[in-house]
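Student: Sequence:
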Amino acid sequence: MTPLDQQINAAFPGKVVRKDLTSLVKGNAVVPTFVLEYLLGQYCATDEEETIRQGVETVKKILARHYVHREESELLKSRIRDKGRDRVIDRVSVELDDRQDVHVATFTNLGLKKVPVQDRWVRKFPKLLTSGVWCLVDVSYEAREERDAVPWFIDSIKPIQLSAFDYVEYILGRQQFSTGEWMDVLIQTIGFNPEHFSRRGKLLQLSRLIPFVERNFNTIELGPKGTGKSHVYSEFSPHGMLISGGEVTLAKLFVNNASGKIGLVGFWDSVAFDEFAGPDKRVSKSLVDVMKNYMANKTFSRGRESLGAEASMVFIGNTKRSVGYMLKHSDLFEQLPKAYYDTAFLDRLHYYLPGWEVDIIRGEMFTSGFGFIVDYLAEAFRNLRSEDYGALYREHFTLDPTIATRDRTAVQKTFGGLMKIIYPEGTCTREECRELLEFAIEGRRRVKLQLMKLDETFRERAVRFKYLDKQTGKEHEVITLEELQYQRALTQVPGSEQARSKEPITGPDVATDPSTTLLTDDATATLLTGINIIVKDNQRGVSYENLFGDYLKNAREVHVVDPYLRQFHQIKNLQEFAQLLYRYKDPGDEVKLHVITAAKPEEHVEVEKLLCKLEVALATTGIDLSFDVKDHGDIHDRCVETDTGYKIILGRGLDIFQPYDRKETFNPAVALQEERACKGFEVTILAV
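Sequential numbering of the sequence shown, starting at 1, is according to full-length UniProt numbering.
Bear in mind the hints are in silico, worked out from the structure with no lab data behind them. All values derive from a computational prediction rather than experimental measurement. Misleading hints may appear alongside valid ones.
FRET-style restraints, in silico, Cβ to Cβ [said to hold, decoys possible]:
| hint | residue 1 | residue 2 | range |
| --- | --- | --- | --- |
| 1 | T427 | Q579 | 10 to 20 Å |
| 2 | T46 | D628 | 19 to 29 Å |
| 3 | D628 | G549 | 50 to 60 Å |
| 4 | R394 | N532 | 24 to 34 Å |
| 5 | T427 | R464 | 25 to 35 Å |
| 6 | N667 | K553 | 25 to 35 Å |
| 7 | Q54 | T621 | 39 to 49 Å |
| 8 | V102 | R302 | 44 to 54 Å |
Cut-off 25 Å, straight-line C-alpha distance, at most; resulting in silico cross-link-like pairs (DSS-like, lysine-lysine) [as the list claims (entries may be wrong)]:
| hint | residue 1 | residue 2 |
| --- | --- | --- |
| 9 | K647 | K553 |
| 10 | K338 | K328 |
| 11 | K252 | K285 |
| 12 | K83 | K113 |
| 13 | K338 | K448 |
Here a beta-carbon is modelled for each residue, glycine too, at the ideal position from N, C-alpha and C.
All chains should be modelled from the sequences, with the hints used to inform the complete structure.
Tutor: Rendered as structure tokens:
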């Protein structure tokens with residue numbers, strides 16, 4: 001167990017489970033994670049290996065004995081008939097048979113229909129009246145002589161979810177963790193190893209949880225396939241509903257005017273539309289109209305009566321084109337069905353989660369550590385839905401007055417949702433508050449910039465996505481990462497802020513963007529010095545070449561000081577730096593590359609072995625590598641110095657890229673640094 005695993009077990013005894021156990025017990029059972037973890041929580045909520053082993057075996061037996069596989073449904077029905085009664089795990093939905101004046105149930109996998117349900121169960125668990133709830137059900141069989149009589153009966157029914165939740169215990173437990181530790185706990189709860197995610201990568205994953213903790217939160221995520229967009233909404237909480245295919249009727253979603261039956265938004269905390277994208281999908285205009293009103297006002301109409309609901313709306317789908325192409329030639333909503341390709345609908349979205357920033361899921365990204373039983377966290381989130389943290393940033397910051405009411409509401413709902421997830425007690429430091437506020441502003445800015453491209457009326461009123469720091473009196477503008485990465489495409493888009501100003505895009509406090517050329521029109525002119533470049537966490541489009549490549553030209557001797565050139569991927573970065581020197585030198589010249597790094601005493605031999613291999617590999621290229629490995633702690637600076645008079649101070653040394661799949665031969669990130677997500681860092685370039 002890691003220290004974090006020990007800490008979460010001590011703070012929340014009986015409320016956590018080892019996350020790799022889910023795959024161990026699942027087998028071929030198509031069961032949501034929260035169902036499996038409900039069972040695991042009954043038998044495996046401990047850190048004792050023997051208890052866990054026995055618990056896993058118990059859960060396996062329960063699933064084997066009671067979970068209903070569709071292909072074995074007839075066998076199970078026969079067994080219930082022979083025994084007279086048995087317990088099953090199945091998805092159950094209930095409806096009212098108004099002819100017989102009785103509620104009747106349908107079992108998804110068992111295949112039973114029109115099974116009478118006592119009214120007391122329906123009153124106790126009203127969600128049974130929606131699309132279905134996973135339950136432990138005691139089913140009995142009694143042959144009857146009456147014609148058309150149903151021999152099946154439900155003796156008891158229990159939705160698979162937590163029976164009790166202590167909110168105070170949850171808050172007190174949270175206070176035992178630092179912010180970073182708590183975020184790691186949440187990432188492990190989702191099922192991922194936090195070591196594979198940057199700080200921003202974790203925030204992107206956690207922002208998918210906002211619909212569970214914030215009422216009437218409207219969000220969209222569009223991006224490439226395989227990033228786990230629908231996983232959270234289908235597996236994470238018993239209070240969320242995922243609609244596959246993205247198509248739903250007005251009656252099913254809102255209200256059936258004929259029967260008066262309230263739809264999904266009246267029963268679920270979150271309603272997610274999977275595979276929402278697709279320009280050719282047919283969508284009812286009346287559905288879109290009702291949805292627009294609901295997303296704006298939290299109400300919908302049933303005839304003359306207006307009804308309210310609290311369900312958040314989530315739209316997830318795949319993009320087909322690169323982000324750069326969409327920014328230059330169309331917009332980030334281009335894959336939506338035509339009926340939803342409506343600025344009035346899009347303006348009601350509070351947050352656009354950039355799915356292209358989320359890594360494609362790889363096997364090594366899953367965790368074997370401990371996380372909350374997802375049902376426990378789902379109950380915590382449900383309790384927090386009644387809180388309002390959206391205005392807590394006002395203690396430190398003020399939004400720019402040009403930000404309209406709808407934009408301001410969107411920012412506050414996103415900010416409040418992240419506060420509830422990461423700081424459920426409602427307190428955080430000034431910089432932690434700034435981090436969430438900027439993240440929230442960025443998501444709404446992404447929506448607004450696309451609206452400005454689609455409808456000129458949105459361009460008539462200038463909006464500055466800035467905030468004022470009350471302590472310093474300084475204004476800060478929030479820029480999206482895709483603006484930084486694809487500024488050349490953006491400057492060609494009519495109506496964009498950059499097209500109007502003709503100025504290069506810079507991020508907050510950024511003196512120079514790394515994708516802008518630093519040379520003047522005269523190629524022999526002196527390069528700019530005394531500049532500071534800030535690269536944001538998760539930013540792409542960055543390489544050694546566009547950061548500082550011009551400063552390496554004509555160098556005959558280069559010194560690299562970096563105490564973290566120890567591991568294989570770090571030596572690989574050094575190789576790519578040497579390749580850049582190779583491209584810039586004349587074929588008949590040589591460049592001396594001297595490297596100073598550090599390692600622990602027990603690591604010296606392995607580090608020197610890797611550097612020797614690189615030295616030999618570069619010998620025929622004209623790059624003369626030498627190195628000096630000092631003891632760990634002897635050096636701290638990270639810089640590159642050239643004999644041409646430049647010093648490049650590197651905040652993270654050469655290790656600026658986040659982990660990526662090096663084993664995938666066709667992954668463009670293997671060959672192209674610009675396709676890799678970066679860690680946050682700064683570069684300062686001086687003349688010496």
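Student: Can you give the numbers of the hints that this structure goes against, from lowest to highest?
Tutor: Hints 1, 2, 3, 7, 8 are the ones this structure does not satisfy, whereas the remaining hints hold.
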